[in-house]
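Chemist: Residue numbers (the numbering used here), protein chains in the order written: chain E, 1 to 338; chain L, 1001 to 1418; chain A, 2001 to 2484.
Source of the hints: derived by calculation from the structure; they are not laboratory data. Any given hint could be a false lead.
Stated by the list, open to error - Taking lysine-lysine pairs in the DSSO-like style, the calculated list, with each CA pair at most 30 Å apart, reads:
no., chain 1, residue 1, chain 2, residue 2
1, A, Lys2377, A, Lys2392
2, A, Lys2404, A, Lys2310
3, A, Lys2404, A, Lys2377
4, E, Lys75, E, Lys289
5, E, Lys29, L, Lys1056
6, E, Lys221, L, Lys1056
As the list claims (entries may be wrong) - Going by beta-carbon spacing under 8 Å, a handful of chain L positions derived as facing chain A:
no., residue
7, Ile1031
8, Phe1033
9, Leu1035
10, Glu1133
11, Met1138
12, Leu1360
Backbone N, C-alpha and C fix where the C-beta goes; we use that ideal spot for every residue, glycine too.
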Amino acid sequence: MKTSLFLGSVAAAALTAGAGMADTLADVKARGELNCGVNTGLVGFAAPDANGNWTGFDVDLCQAVAAAVLGDPAKVRYVPTTGQTRFTALSSGEVDMLARNSTWTFSRDTDLALDFVGVNYYDGQGFMVRSDLGVTSAKELDGATICIQTGTTTELNLADYFRANNMSYQPVNIDSNAEGEQQYMAGACDAYTTDASGLAATRAAFADPENHIILPEIISKEPLGPAVRHGDSNWGDIVRWTLYALIAAEEYGVTSANIEELSSSSQNPEVQRLLGTTDDLGAMIGLDKEWAKRAIMASGNYGEIFAANIGEQTPIGLTRGLNAQWTQGGLMYAMPFR
Amino acid sequence: MTDVRAPQNASFRPSMLIYDRRYRSLTFQVIVFVLVMALAWWLVNNTIQNLAAMGKTFNFGFLWQRAGYDIPQTPIPYTSDDTHFRAAVVGLLNTLIVSVLGCIAATVLGIVAGVARLSKNWLIARLMTVYVEAFRNMPLLLWILIVFAIFTEVMPPPNAFRGDDPSASMILFDHVALTNRYTAIPTLAMTNDPGSLDLGARITFNWATLAFAAVLIGGWLARRAINRWAQDVQDRTGVRPTTWWMSLAVMTVPSLLLIWYFGLHLVAPELRGFNFTGGLNVQNGLVALWLALTLYTGAFIAEIVRAGILAVSRGQSEAAFALGLRPRRTMSLVILPQALRVIIPPLISQYLNLTKNSSLAIAVGYMDIRGTLGGTTLNQTGRELEAILLMMGVYLTLSLIISAGMNVFNARVKLKER
Amino acid sequence: MSDTHAQTVPFVRETMLPPADPPLREAGAVRWLRENLFSGPANTVLTILGFLIIWFLVSHFWDWIAHSVWNADSLADCRRIIAETWGEGARGACWAVIRERWNQYVFGFYPVELYWRPTMAFGLLFVALTPVLFSASVMIRRIVLVLTTVLTLWAMTVLGAPAVWLAFAAVVLVGALAVSERRVSWLLVFSILYPLMGVWFLWGGSAWGPVMVLMGPVLGWIAWRLLSGLSPMAAAVAALVVPVLWWLLYAGTAARDAEALVSLAIPAVASDRFGGFLLSITIGVAGIAMSLPLGIVLALARRSDMFLVKSLAVIFIEFIRGVPLIALLFVASLLLNYFLPPGTTFDIILRVIIMVTLFAAAYMAEVIRGGLAALPKGQYEAADALGLDYWKAQRLIVLPQALKISIPGIVSTFIGMFKDTTLVTFVGLYDPLKSMSDAVRASTSWKGIYWEPYIFVGAIFFLICFGMSRYSMYLERRLARDHR
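Could you build the full structure based on these sequences and the hints that come with them?
Modeler: Here's what the structure looks like:
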């Protein structure tokens, strides 16, 4: 009896959750909620607090997209994904977009049938060591034991780097960032390697950050960005241009504080187009006029999001570096809104 | 033969498919068959459609691509330039290593704990009860994490062994170093190396290993022959000749000779650079996983052993004593064979569980087949369907082999009823 | 007479001597020690070894446990308090993390204002279990139900449950108590309805969903009644097909329409909000409730005379038992989407529950098969001789005995399954052991705390699993019918 009843609810669940994959925008609107794949817990990028409220750099992107599409940044369901489940979750339709510090690579973009729509953080792989180890360069790490997260591109980069420099190493494979910290702090590995941003975040959280140094070598390019399913270009456009809207807003000086004022008073034609005061760009991607305005209002422009989650004022303490606006010598360059 | 039911057969009604016992099971089986086939067709069809929609294909070609990642502990030579297939084989070997080591240690521990739980010594019996209950009632993952944490948090880093006044020192005459990364143990080296047998695919087998194996098997056979001869003499004369020194000699002398001939000696690990080198560094992941699996499975085996011993009725040992058998012979000829019949089947299924539980290696970073094929390879290539099916196939094969072994054994010890 | 006696015998003791005290070494604690600890050289050595082990453990961990801190905001705070109270360099346990993150460990990320809902579901679970587990003794039933009532209502009040729901819980609990005093088997109706109710309490949403699911069997019954006059075969087929068709085709729309008409919705809680022990217990209870019937069916199928049914059961059982649970969980999280129609996704917790159920059912089937095999052949023959058909024989004669024999195995399968719920961490769910502890450690205030969360979670698991194994022993004793 119990079994049959339960199977019934399974059938019902399968039914109600069933959704076509072809038109993600329509699905999201019908559902009234954006399913956003995030990290299971990386402070600064995406992590739940004690009450399950998600915050972080990637989370703010999800919120911006939700605000643009649904008009409410709170209408996001965060689906924690591991390094292993993230791409399957996306391709199977479990999530609508992936905002989970994933590196944009050739094979992922082609063979895994994902579409990376842009880069929200330019990262690179680095090493962190204890300062009393007396190492100043990654080239001196021959024979060292190195902690590394499995299933990431960093694992491949590490192997390539040591091969190219004709050095040997002992990998210690770990499953999550939390475990990596534990191993490194206990001295179970000489060096910890992951994205430089992650290293900075980890180091910042230590009780004694001054005793740890991040080596100058950056051994790989790690452009991290949001990804969507292959084959739904319209949805890809929405996520891509939401990201660009955030970046462009910073370039034009539009912040969450002055956006209301600028949308009515700004004479800058670019700002007017972005905020939907003059042209109706939103209609071209199936949204209304003020989509970008709402996206920016959700958590601010790119610079504000950066500063609030991972910037120098936060415990993570990352500098803008490559992620500064192109006008400031960085790589953040929004395509023109026209 | 006059069949009274013949007229009924003539007038077949559809309702007989349900109400007639002769047809009912057939009807039922046909329905089940159709349903199962429909389900299988549905699943396969869905998979094909989904693969097409995602633009993926179902093929195992990825196994021959370059793996590109390194594995900490490799029983056979492996570099990041090797294929995913070789990485999977390395993972499989790692699974087998921890499983076999775990099964051996858990059996020993389980027998000791099981017997000790029946001990008349109050303290020992209570201690063992606490051990068994604690391990049986808490998740294995917890024990793996705790044992691993003990290793990483309590053991000193290799650095602590450095300097004139090191804070940590090696044990067993400076031959073994317990660190928070690995246990550095000595390796064997030979001054007179006979060279290796090349099995292809960069797998080599040292001739000395083969020689030792041959000598040990030969010694064992010789010992059996000696025992047979002694039994023969006893049957004829009633006096059993003293054979222990002969057995000892055939078991050890050839090996000692080989050790002398090859110049076999231990090479102790040495701290050089960041780590110990020269010896063999057994990863803590392996040690912790092995220990946790041993302790956990040992608790279950202890219960099995206890039940097995209790299952042999008291009358059996009393009867054996009445026949004039000594306690040792009673144990080996009467109690043990009967207890083993009860013990072995659940024991084998514990071995099976241990092998499957070794897949929790992921929690300690030990690269077993789930870590290589079902972990990094799956991740880097995005071939989850193929990788997971293959991995399940491997585990299934392993457990079918173990089950087959169990069936053979069961058939041999089965009570022969006449 | 007595005089004669006194004269003929030189000495007669008229009263019994009081018994002498046994020698010191044969009495009291000394004797106990001698018999149980120092009965021989080997035993003495073992005893000393045992004491050494205990001494080793106590000396290493005593100060750590003795220096427990229950009130602190962060690990640093904890360490400061320990240093202040017990001096610099003292070690100590920081249980404050459990105190501060208690809710997170118990409820995961469930909305705080709705904590009372899982609490109520958990309390009512005991009502549903009462007729199943405690049907024998009025006394035990009374104790369980009164305790449940008091604790549930207290916890719900503390957690701020609305008055309506408090009243509802009170009515159900007190009603159950009253019913259990008269006829405990009537409570089975509640047990059967409970799964749907529990699902509704936990996940929320419209009550019409569960109601419409329940409509399936009801419609099946109606169809059976209508058709049974015409053709029994058609009736049987209809009774099976109608509910399935209803669920697959109309239940969803009917629930939506009914909801639009009369709203019966409570706030919905998505699966990703589940975590901690709430998740473990949800998966565990659902798995236990479903794996037993499935296991019985599989065991019967494996012993069936029908070749096809038997081989399918063998293949299924051996396949499931041959692969690690973790691989099956990966199938649930990674591969299930391949096997379902394009575009279909369904809840990850549901997927995990299905996999855990299948896994436990395969083991359960083997345990029950053992029980069936252990039953004397005479029982089967007696059933046949009485002219019982297959299902009646199974229901009335075979299964009650076989299940009784297999109780220890069944319960240890349950325990194993409940322990295995921690493995869901590997598919990204927040189990209490690893994921939740990692999440706690991810916050800057509790970074670097290892032992306390593990010990806490381990202790809770121990309590639940140990309780289950003790209950199985009680059940075994109660059901023992052999007279000794």
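Chemist: Next, verify each hint and record whether it holds.
Modeler: Comparing the hints with the structure gives:
1. For the hint pairing Lys2377 of chain A with Lys2392 of chain A, the CA-to-CA distance comes to about 17 Å; that is within 30 Å, so the pair holds.
2. Straight-line distance between C-alpha atoms of Lys2404 of chain A and Lys2310 of chain A comes to about 24 Å, which keeps the hinted pair within the 30 Å bound.
3. Annotation: proposed proximity of Lys2404 of chain A to Lys2377 of chain A holds, straight-line Cα distance about 16 Å (limit 30 Å).
4. For the proposed pair Lys75 of chain E and Lys289 of chain E, the alpha carbon gap of about 20 Å is at most 30 Å, so the pair holds.
5. Restraint check for Lys29 of chain E and Lys1056 of chain L: satisfied, since their Cα atoms lie roughly 28 Å apart, inside the 30 Å limit.
6. Of the pairs offered as hints, the one joining Lys221 of chain E and Lys1056 of chain L holds, with about 27 Å between alpha carbons and a cut-off of 30 Å not exceeded.
7. Nearest Cβ of chain A to the Cβ of Ile1031 of chain L: about 10 Å, over the 8 Å cut. The hint is violated.
8. A least Cβ separation of about 6 Å between Phe1033 of chain L and chain A falls short of the 8 Å threshold, and the interface hint therefore holds.
9. At its closest, the beta carbon of Leu1035 of chain L sits 10 Å from a beta carbon of chain A; the interface hint therefore is violated under the 8 Å criterion.
10. Here the hint on Glu1133 of chain L is kept, as its CB sits about 7 Å from the closest CB of chain A, short of 8 Å.
11. Hint status for Met1138 of chain L: holds, given a least beta-carbon distance of 5 Å to chain A, under 8 Å.
12. Look at Leu1360 of chain L: its Cβ gets to within about 7 Å of chain A, closer than 8 Å, so that hint holds up.
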